[in-house]
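Enquirer: Line order of the protein sequences matches chains A and B.
If you count the first sequence from 1, position 120 lands on 120 in the numbering used here, and the numbers rise without skipping.
If you count the second sequence from 1, position 399 lands on 399 in the numbering used here, and the numbers rise without skipping.
In short, the hints are calculated from the structure, not lab data.
All residues carry an ideal CB built from backbone N, CA and C; glycine is no exception.
Hints may contain errors.
[To be verified] Derived coverage of chain A by chain B (criterion: at least 3 residues anywhere in the stretch with Cβ under 8 angstroms from a Cβ of chain B; other residues may be distant):
no., stretch
1, 67-78
2, 88-100
3, 105-111
[As the list claims (entries may be wrong)] Ranges between beta-carbon positions, derived for each pair:
no., chain 1, residue 1, chain 2, residue 2, range
4, B, Arg305, A, Gln149, 20 to 28 angstroms
5, A, Glu192, B, Arg305, 37 to 45 angstroms
6, B, Leu37, A, Gln149, 23 to 31 angstroms
7, A, Asp274, B, Arg305, 56 to 64 angstroms
8, A, Gly189, B, Met11, 54 to 62 angstroms
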Amino acid sequence: MDMATNLDPSPPPAREADIVRKPAIEARGLVKRFDGTLAVDGVDICVPEGAIYGILGPNGAGKTTTLRMLLGIIDPDEGSRRVLGADNPQHVARRIGYLPEERGLYPSMKAYEAIGFMGALRGLPLDEGRKRGRALMEEHGLGHAVDRQIRQLSKGMAQTVQLLGTLVHEPKLVVFDEPFSGLDAINQGKLEGLIRGLADKGTTVIFSTHVIAHAERLCESIAIIAGGKVPYAGSVEEARDRIPAQVRLETRNAEGPWRAALPGDARRNGAFWDFALPESGVEPLLKALVEGEAGIQSLSIERAGLHDAFVAIAGEAAARDMVTQAAGDEA
Amino acid sequence: MSVDRSGRLSMWRAAFVVARRDFTAILFSRAFIFFLLGPLFPVLVMGLAGGVGAQVQSEASTADVGIAMEAADTDAMLEARREMRELIGPSVPRMVELERLSPGEDFDAVTYLEEREGSLAAIVTGTPQNPTLTATANRLGRWEGMVALVAAHAADPGAQTYPAVSTTLVETSGASENSGRLRTAQGGQLLLFLLIMLLASMVLSNLVEEKGNKIIEVLAAAIPMDAVFLGKLFAMLGISVVGIALWGSAGFALLTAAGISLSDYANPGVGWPMFFLLFAAYFAMGYLLLGSIFLAVGSLAATVREVQTLSMPATMFQILVFFFASLAVTDRGGWIEYTAIIFPLSSPFAMVARAAMDDSLWPHVLALAWQGLCVAVFVKAGASLFRKRVMKSGPRAPGRKRPLAKLLGAVFRNGSTPPA
Chain A
1 MDMATNLDPS PPPAREADIV RKPAIEARGL VKRFDGTLAV DGVDICVPEG
51 AIYGILGPNG AGKTTTLRML LGIIDPDEGS RRVLGADNPQ HVARRIGYLP
101 EERGLYPSMK AYEAIGFMGA LRGLPLDEGR KRGRALMEEH GLGHAVDRQI
151 RQLSKGMAQT VQLLGTLVHE PKLVVFDEPF SGLDAINQGK LEGLIRGLAD
201 KGTTVIFSTH VIAHAERLCE SIAIIAGGKV PYAGSVEEAR DRIPAQVRLE
251 TRNAEGPWRA ALPGDARRNG AFWDFALPES GVEPLLKALV EGEAGIQSLS
301 IERAGLHDAF VAIAGEAAAR DMVTQAAGDE A
Chain B
1 MSVDRSGRLS MWRAAFVVAR RDFTAILFSR AFIFFLLGPL FPVLVMGLAG
51 GVGAQVQSEA STADVGIAME AADTDAMLEA RREMRELIGP SVPRMVELER
101 LSPGEDFDAV TYLEEREGSL AAIVTGTPQN PTLTATANRL GRWEGMVALV
151 AAHAADPGAQ TYPAVSTTLV ETSGASENSG RLRTAQGGQL LLFLLIMLLA
201 SMVLSNLVEE KGNKIIEVLA AAIPMDAVFL GKLFAMLGIS VVGIALWGSA
251 GFALLTAAGI SLSDYANPGV GWPMFFLLFA AYFAMGYLLL GSIFLAVGSL
301 AATVREVQTL SMPATMFQIL VFFFASLAVT DRGGWIEYTA IIFPLSSPFA
351 MVARAAMDDS LWPHVLALAW QGLCVAVFVK AGASLFRKRV MKSGPRAPGR
401 KRPLAKLLGA VFRNGSTPPA
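Modelling step: build the complete structure from the supplied sequences, incorporating the hints.
Expert: Next comes the structure, spelled out in structure tokens:
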């Protein structure tokens with residue numbers, strides 16, 4: 001009998017300590033309208049300190065507007081937000097790093113100067129920022145480009161420079177807006193490593209993405225946003241648990257008493273049976289199959305992925321948009 | 001709630017960070033070379049403005065000829081001048097009664113003329129039969145014949161010969177001092193206008209780089225938008241100071257080499273050192289006032305093309321303000337001058353002229369305080385406009401236009417398409 005329990009590589013499980021961790025960001029009922037159009041409609045978000053938190057949704061769902069309200073770039077029309085203990089996020093700007101979706105640097109600046117300038121905007125002395133800029137670039141394999149002007153760098157290198165500028169002042173909270181867009185697979189992997197490294201040091205990381213896989217690999221908690229609303233905010237585990245695990249069964253015997261053990265919605269798919277894992281769990285099912293002489297050839301239990309959870313929570317249309325946009329990115 | 005005040009840069013420190021970046025970026029760019037060469041191009045404008053200036057000067061520098069004779073002679077001279085004016089026209093100078101002398105009484109025309117300020121340019125003493133004209137050299141040559149004509153008519157309306165006019169030369173007069181100060185006032189206004197006009201187009205396009213390169217998002221997340229505005233304004237002010245210092249040094253060296261000194265020119269009302277100081281202060285105020293408007297308007301433009309579209313009305317607006325302030329010189333103490341002083345945008349121009357013409361200092365203290373207040377209001381309003389209209393994202397409601405598109409739509413109503 002070949003039995004495999006096929007679970008995805010899991011993100012770090014929500015730690016028990018999360019329950020008592022102070023929130024780095026707490027937003028209640030955020031509403032924003034532009035020229036009468038409702039862009040964000042009553043968003044609630046709570047991000048614990050030290051967490052990696054994802055805001056997941058298709059383009060135009062309201063992710064960027066939500067982040068901009070959390071950063072104090074724009075004020076909400078309704079609702080309140082509290083960031084690192086301050087009602088006005090601008091009052092704690094020195095402790096925040098922000099990488100906007102639309103990257104931007106002064107083209108005539110040298111790379112290390114750009115990092116120093118971004119640090120200076122957050123209160124780091126210019127000389128210290130430049131010194132750190134040089135060191136960070138060396139550390140990330142860009143030592144050869146330290147003295148090059150931004151306009152002389154490739155797009156990927158310029159993005160890395162801006163990323164380093166976002167982190168040069170060692171912020172306690174880092175906000176990334178679509179950080180993976182425009183990066184190749186290798187650099188996406190490096191960025192994931194960097195985000196994990198930040199969280200290991202106790203930095204709170206919040207990022208928006210329309211690529212479910214990134215959120216699934218990195219985040220402890222997520223907010224799903226669609227049409228300006230947040231239908232789900234909580235841990236990735238809880239989101240996945242909303243969908244029962246899927247069982248795929250292959251038997252030697254086509255008929256027999258074991259058939260009574262299958263749930264009513266079980267579907268035949270060639271030599272396989274597919275059905276949702278009953279609430280009673282896997283052990284009673286196995287027992288019934290064995291005693292009913294099913295002759296189990298293989299049985300796999302696949303836990304629902306975040307994509308399935310997203311479809312269930314945000315709807316088929318939103319999920320389709322996400323997949324299309326992610327495919328567009330890769331193209 | 002407790003707010004960590006050290007959690008963000010103060011307004012002035014944030015403005016300094018932005019200003020330092022802009023200042024060094026512009027100073028070491030090609031744009032600065034064009035900025036330095038800029039003053040050569042407005043020479044053309046200067047030539048054109050010279051025509052208007054001449055008109056202003058002819059109206060503003062009216063020179064009077066004073067009459068100091070016995071009562072009957074004074075009346076006869078004034079009556080003769082009125083009749084001559086009707087016959088000949090405006091080339092007959094205006095004559096005013098200075099003193100009605102008693103028979104045998106002397107009148108020291110030289111001292112009177114040298115000490116008197118205002119528009120008095122010459123004095124006629126003696127009698128219509130034997131007049132004496134006291135004036136500066138160029139006035140003597142210009143008016144000797146006219147005084148002879150008027151005196152002859154005063155002595156005998158049917159006279160066929162003119163009396164010989166005795167002349168007394170003075171070094172200066174109230175009118176020539178007045179005229180020199182007027183030239184200084186006009187020169188100061190013109191220089192102020194040219195300097196500010198040069199900066200305006202650079203200020204208009206000042207935020208395009210940030211918006212085009214999406215840097216504005218990074219700035220807005222880190223520091224208050226007011227600080228971005230202040231930083232950009234002061235960076236341009238710093239750039240202009242460097243430019244003025246370079247041009248000023250070059251000009252001073254040229255004048256010195258040519259053996260020309262400021263003492264050759266009429267002393268401004270407040271004196272040369274104070275005049276330079278006030279000029280610098282009014283330049284700063286004038287630039288900050290106009291700059292804050294242009295920066296706010298320019299911030300609505302997303303592309304260089306939109307900035308170019310805005311440049312023309314902005315330049316025309318500046319010229320209108322300049323002409324209004326120029327007009328104020330002709331109306332000293334009148335409502336036009338006071339309006340020009342109170343209206344924030346023309347106030348620096350009007351006050352520079354006043355510094356040249358008048359010696360009192362307290363109006364400058366008041367004017368600078370008023371202009372400083374206006375700068376604060378304009379910058380705040382500009383930053384607020386920017387925050388409200390530009391720092392936003394999200395879908396635009398159908399049928400809604402951007403403010404600049406609205407503005408351009410109004411201008412191009414005749415079916416042409418506003419720039420995208």
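Enquirer: A separate judgement is required for each hint: does it hold in the structure or not?
Expert: Taking the hints in turn, this is what the structure says about them:
Against chain B, the stretch 67-78 of chain A contributes 5 residues with a C-beta closer than 8 angstroms to a partner C-beta. That satisfies the three-residue criterion, and the hint holds. Given a C-beta distance limit of less than 8 angstroms, the hint that chain B covers the stretch 88-100 of chain A holds, as 10 residues qualify and 3 suffice. A count of 5 residues in the stretch 105-111 of chain A with a Cβ less than 8 angstroms from any Cβ of chain B is obtained; the coverage claim is therefore met, three being the minimum. At about 25 angstroms, the beta-carbon gap between Arg305 of chain B and Gln149 of chain A stays in the expected band of 20 to 28 angstroms.
Between Glu192 of chain A and Arg305 of chain B, the C-beta spacing of about 41 angstroms keeps the proposed range 37 to 45 angstroms intact. At roughly 25 angstroms, the beta-carbon separation of Leu37 of chain B and Gln149 of chain A lies within the given 23 to 31 angstroms, and the hint holds. Between Asp274 of chain A and Arg305 of chain B the Cβ separation comes to about 59 angstroms, which falls inside the hinted range of 56 to 64 angstroms. Between Gly189 of chain A and Met11 of chain B the beta carbon distance is about 41 angstroms. The supplied range of 54 to 62 angstroms is therefore violated.
In terms of the numbered hints stated before, the structure departs from hint 8 and from no other.
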